[in-house]
Amino acid sequence: MEQAAKNAEITQWYYLTGGTALAEFYLHHRLSEDLDFFTTSEVNNQKIQAFIDSLKAPAGITNYVVKKISGLYQYTLTFSDSESLKVDFNEYDYPQVEQGIVYGKLRIDSMYDIAINKLESMCNRTKARDYVDLYILISQNIFSMEQLMMRVPEKFGHHWTTPQYIRAFFAVQEAKDFPTMLVPFSKEEMIKFYLAQAKKLEPKIFK
1 MEQAAKNAEI TQWYYLTGGT ALAEFYLHHR LSEDLDFFTT SEVNNQKIQA
51 FIDSLKAPAG ITNYVVKKIS GLYQYTLTFS DSESLKVDFN EYDYPQVEQG
101 IVYGKLRIDS MYDIAINKLE SMCNRTKARD YVDLYILISQ NIFSMEQLMM
151 RVPEKFGHHW TTPQYIRAFF AVQEAKDFPT MLVPFSKEEM IKFYLAQAKK
201 LEPKIFK
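If you read the sequence shown in full-length UniProt numbering, its first letter stands for residue 1, the second for the next number, and so on.
A few of these clues could be false.
[Claimed, not checked] No farther apart than 35 angstroms at their CA atoms in a straight line, the calculated lysine-lysine pairs in the DSBU-like style are these: (1) K86 <-> K127; (2) K187 <-> K204; (3) K86 <-> K68; (4) K56 <-> K86; (5) K200 <-> K68; (6) K86 <-> K187.
[To be verified] Okay, the calculated beta carbon distance ranges per label pair: (7) P163 <-> A57: 51 to 57 angstroms; (8) D34 <-> P163: 29 to 35 angstroms; (9) N44 <-> T78: 19 to 25 angstroms; (10) P203 <-> E42: 19 to 25 angstroms; (11) A196 <-> P58: 45 to 51 angstroms; (12) Q147 <-> D53: 40 to 46 angstroms; (13) D93 <-> M181: 30 to 36 angstroms; (14) N124 <-> K56: 33 to 39 angstroms.
Since the hints were derived computationally from the structure, they do not count as laboratory data.
Ideal Cβ placement from N, Cα and C applies to all residues, glycine included.
My request is simple: use the sequences and hints to build the entire structure.
This is the structure we're talking about:
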């Protein structure tokens, strides 16, 4: 991450977001090692690959594999100690709604944007880390679920229906692969929280 904060291509066009940004720079609540770099421009993979190549010797990278999925370039780096790291460079057309912080010269996504992204992701998939991150954020009274739901259309240009949100909240019971936590955490309390959020929305279905 320190090398990314010094690289002109990265600092000019990308910002760090996702679970690692949230855990490293804001909440310090769980382990998260994957790096997610977003840009509103097209990913210049030639320059990204040159950046990764420049890290081989100093970082001890012995090999890497690149996978392209639409506008996403996913690098899986393997190190001399056999550890691996996933680094994503993703063309992400959705504008940030708030300005985040800066680490060196690297822009870090705001907590608000990360939270909105997590809520959006929960409506598309069932990943434990999304539920955990959003639960911790809201538990700290940084903002409410209602505030986030109001900002989703502003950022993504579409509305999730009340039944879709309810389904997403109920799906927390199916979430697996929970991250390693660094703060006190109760899975059962988190599930109760999301079920309560779903219950609060039920009257809106019949309006």
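*Violated constraints from the hint list, given by number and in increasing order*: 5 and 10
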